[in-house]
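Assemble the complex: chain A is given as a structure, and chain B must be docked to it using the hints.
Spelled out from the first residue to the last, the chains are:
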Amino acid sequence: MDELLLRSLTPGVLGILVRRGAGFAAAEDAVQDALVEAVRVWPDDPPRDPKGWLVTAAWRKFLDATRADTARRRREDLVDDEPAPGPVPASDDTLQLYFLCAHPSLTPSSAVALTLRAVGGLTTRQIAQAYLVPEATMAQRISRAKRTVSGVRFDQPGDVATVLRVLYLVFNEGYSGDVDLAAEAIRLTRQVAAAIDHPEVAGLLALMLLHHARRNARTAPDGSLVPLAEQDRSRWNTTMIAEGVEILQAALARDRLGEFQAQAAVAALHADAPAAAETDWVQIVEWYDELIKLTGSPVARLNRAVAVGEADGPRAGLAALAALDDSLPRHTAVSAYLTERDGDLPKAARLYAEAARQAPNLAERDHLTRQAARLNSRL
Amino acid sequence: MAKFLLLKHYRGAPAAVNDVSMDKWTPEEISAHMQYMQDFADRLEKTGEYVDGQALAPEGMFVRYDGEGRPPVTDGPFAETKDLIAGWMIIDVDSQDRAVELAGELSAAPGAGGRPIHEWLELRPFLTELPTISE
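Here the protein sequences line up with chains A and B, keeping their order. Mind the numbering: the first sequence is residues 1 to 379 in the UniProt record's numbering, read in order. Mind the numbering: the second sequence is residues 1 to 135 in the UniProt record's numbering, read in order.
Since the hints were made in silico from the structure, they are not lab data. Only a predicted model underlies this, so the values are computations on that prediction, with no experimental measurement involved. Treat the hints with care, since some could be wrong.
What the hints assert, rightly or not - Have a look at the derived ranges for each label pair, beta carbon to beta carbon:
1) A:L345 x B:F62: 50 to 60 Å
2) A:E230 x B:G67: 37 to 47 Å
3) A:E135 x B:Q35: 22 to 32 Å
4) A:N216 x B:N18: 53 to 63 Å
5) B:G12 x A:S327: 47 to 57 Å
Using N, Cα and C, we set each Cβ at its ideal position, and we do this for glycine too.
In isolation and in its complexed conformation, chain A is listed as follows (with noise of 0.2 Å):
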């Protein structure tokens, strides 16, 4: 039995029913029994169409649930025991399923929740061991999910900005259990690419290749963290760096620039580098001025003081830096770098301890903590 081919087939399975007007909850369920069902036919008995089997024994299974004339019921059963191939729509249902698990009434939580479950096609146990929660804690997130999209039209044209969201949600989360949430993530949006011509599922999906290719190099093996400018370049897989960038330059192509797009031209450039030392800051700083015009994002505009830094030397980078909000998240990080490069270290050393204070998550915190440390002991 092939696992891998039941998942891939499930969501298409799944926006077939609720297209035809099952509920979303009467139709996971549907789909769920037709499944244990292949399960016990398939080996067997394979089917010449397995997605038109399971649409078919996935919709009586449905109308089985519904139904309420029991006697009816036994008598088709005995009738039908196997179910026909039944014509399956050549429109993809799939997408539809995305934009309804990315609807704007769920919160974020649960609308990726939603999406692993239904277009992922993970377990309950599987999603809930990714984001470090009781199972019975994700299991409840869902079918709120489920409920609050119950009511939800489903004909209508969905917000790809939304659907692109909650994938990028998911590839940025850092948990894993024995889930790879970003590789999971990359396989959703592929699916979304495949179906959408947009630059900005282009684009993510480029910045999301050319992120998880520089993943080996990013955390050495205790698992504190390398900064980019130290990565071993040649653990870097250069394969996928080549596929981002491929797929980025088509998508630039179009003229029709978004943010994923912007972000995913600044780590096209890093991942073009032969070495730190040979990136090209310029146009780096460049992007993140495209990127500050596309979302007005504080985050860009701190990225950016660190690229103009690189680009025009310590000091244009702290003028920069000091035209923002410091209580920016990662601020004082970047001010303490900037600090030691401009040679003051008494101070890189303070605004590093203080950073590691404020820092986010551990690995960050020990990797400030030992810039501060680095300074002090040379102090």
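For chain B alone, coordinates are given in the frame of chain A:
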């Protein structure tokens, strides 16, 4: 999504507004308090925001390594001046605002006279694993 620890103190937090020690409450008031906490936890389980929670005994001790081959040093039950944690709850919520909202609700548990305690709860964000994108 972010996890937060709600810490309830026996001692060490600023004084509650309705600051009457629990042994001076009526049994009914204590039951109402416990019920409120239980209902709160049940509700968070249903919203998918509950991770874990436990009450802690007041009799803790500090323990310290005392060198190779020696038993660890303990300083026995906490001295009067020390901070004491009465219990904790971990929640997993969409934002810090939501965490503050929930902590505020928990702080309103009924105390003496059936009025809210207005006790101070300590709210601490978890340091998370490294997100994928951090460069």
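These are the hints, each one checked on the structure:
no. : hint                       : result
1   : A:L345 x B:F62: 50 to 60 Å : 37 Å, violated
2   : A:E230 x B:G67: 37 to 47 Å : 38 Å, holds
3   : A:E135 x B:Q35: 22 to 32 Å : 26 Å, holds
4   : A:N216 x B:N18: 53 to 63 Å : 56 Å, holds
5   : B:G12 x A:S327: 47 to 57 Å : 28 Å, violated
Hint compliance for this structure: hints 1 and 5 are broken, all remaining hints hold.
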